[in-house]
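Engineer: Under UniProt numbering, think of the first position of the sequence shown as 1, with each following residue one higher.
Rather than coming from a laboratory, the hints here were simulated on the basis of the structure. Hints should not be assumed to be uniformly reliable.
As the list claims (entries may be wrong) - Result set (PhoX-like, lysine-lysine): computed pairs, CA atoms no more than 20 Å apart in a straight line:
#  : residue 1 : residue 2
1  : Lys129    : Lys103
2  : Lys66     : Lys83
3  : Lys188    : Lys152
4  : Lys21     : Lys39
5  : Lys82     : Lys102
6  : Lys206    : Lys188
7  : Lys83     : Lys102
8  : Lys38     : Lys66
9  : Lys31     : Lys66
10 : Lys194    : Lys222
11 : Lys165    : Lys188
12 : Lys21     : Lys31
13 : Lys83     : Lys39
14 : Lys129    : Lys141
15 : Lys21     : Lys38
16 : Lys165    : Lys141
17 : Lys152    : Lys141
18 : Lys129    : Lys165
19 : Lys66     : Lys102
20 : Lys152    : Lys165
21 : Lys206    : Lys222
As the list claims (entries may be wrong) - DEER-style ranges, computed between Cβ atoms:
#  : residue 1 : residue 2 : range
22 : Asp211    : Lys102    : 17 to 27 Å
23 : Glu224    : Ala115    : 14 to 24 Å
24 : Thr221    : Val167    : 31 to 41 Å
25 : Val218    : Thr112    : 54 to 64 Å
26 : His174    : Ser204    : 17 to 27 Å
27 : Gly59     : Asn113    : 17 to 27 Å
28 : Ile254    : Leu225    : 43 to 53 Å
Glycine residues also receive a C-beta, built at the ideal position from the N, C-alpha and C atoms.
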Amino acid sequence: MCIACDDPNCQECTQANVCAKCISEEYTVSKMGSKCVKKIDNCYDPNPTGSGCRVCNDGFKLNNGKCVECAMQDCLNCDTAKKCSSCANGLVPNADHSACVKKLPNCVSQMTNDACDQCTDGYKPSDAKQCVICQVDNCDKCNTVNVCAACKNTYQLLEEGTVCKVVCEVPNCHQCDGYNHCASCNIKFGPNSKGECIPCTDPSCKFCSGDQPDQCTVEFTKEELEGKKVPWWAWLLVGIGAALLVGFIIFMVIWCCRDPVSLMTEYEENYDEYDKASRSGSSSRGSRASGSDGSSSGSGGSGRSSRSGTEDDYSDRE
1 MCIACDDPNC QECTQANVCA KCISEEYTVS KMGSKCVKKI DNCYDPNPTG
51 SGCRVCNDGF KLNNGKCVEC AMQDCLNCDT AKKCSSCANG LVPNADHSAC
101 VKKLPNCVSQ MTNDACDQCT DGYKPSDAKQ CVICQVDNCD KCNTVNVCAA
151 CKNTYQLLEE GTVCKVVCEV PNCHQCDGYN HCASCNIKFG PNSKGECIPC
201 TDPSCKFCSG DQPDQCTVEF TKEELEGKKV PWWAWLLVGI GAALLVGFII
251 FMVIWCCRDP VSLMTEYEEN YDEYDKASRS GSSSRGSRAS GSDGSSSGSG
301 GSGRSSRSGT EDDYSDRE
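Please model the entire structure based on the sequences and the hints provided.
Structural biologist: Here it is as C-alpha cells:
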C-alpha cells in the first residue's frame, strides 16, 4: 500500500507525516517531527521549522542557530565559545567552566589540575589544595586528619590546630555558645539574654542571672567565704610592721630637726675636750723630755768633778 508523504523533501515515509528518508544528501531527517530539513554543519538535530540547529555535535556550540567549534581544548559541549559545559577524555569543567581539567579525588570544584577549591562532605582542602579527611569540627581547611589550618567564620584556631573554638571576646566570659555570645561567665558574673556577662550585686553570689544580677544561681559555700577572710595573725604582723615604720619615721624626723645652736654647742664642747686632751698629752711629753736633759747634765758635772778631784789628788802627791 502506498502512503502519500506530506513532506515534499521526503522520499520515503512510514506515515503521512513521518519521513524515513529524504530525497537527497542535502537534507536530513530531524529528530523532532521526523521531517526533512536542510543539513547544518556540525549540527546534530536541526530545527524542524528550518530556522537553524537545535543541538550541535560534540565539540561545538550553538550560536544564532549555527554550530561553532568550542575554543577550549577537550571541551565536549560548551554554552559559549569560552564556557564549557562538559568535557571529553574523562576531564571535567573547572570552577568557572573556562577549561577542562583532571578531576581530583573528593573534589567538587577546582580551577586547575592540581588545586581543589571545594571538597565533598567530610573532606577539606589542605594547604596543598588537596582534599583530605578532616576530623576537626568547624574546620574550613585541614592539613591532616586531625590538624586544622583554618577554621570556619566566627571560629578561631586553638591548641595547635586541633580545636576550632567559637570566637568569644565577651569580657569576663568563661565559654561562648555562639559568636561573641556568652553561655557561662566567670565567678561573680552572670550571662544575660544578650550573651553579655553582668556583675552580680549580691556578695554571696558565686554565679547569678545576668538579667537579674541580685539573684544567685550558685552561692558561695561557707568554706569559700571563710577562705577569703584574712587570718588574724596577718593583721597582727601588719600592725607591728606599721608601728615600727611609724617609730622609725618619728626618730628620723627628730634627729634631722634638732636645734642648730645645740648642735654647735655640742660640737664646741667636743672640740674643747679634744683640745685639752691634746695639750695634756703635749705637757706630759715635755716634762719627760726635761727630766732626761737634767739627768744628763748632772751626770756630766759629776764626771767633771770627779776628774777635777783626781787631778788635785795627783798634784798633792807630787
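Engineer: State the violated hints by number, sorted upward, taking the hints as numbered earlier in the document.
Structural biologist: The structure conflicts with hints 3, 10, 11, 13, 18, 19, 22, 23, although it agrees with all the remaining ones.
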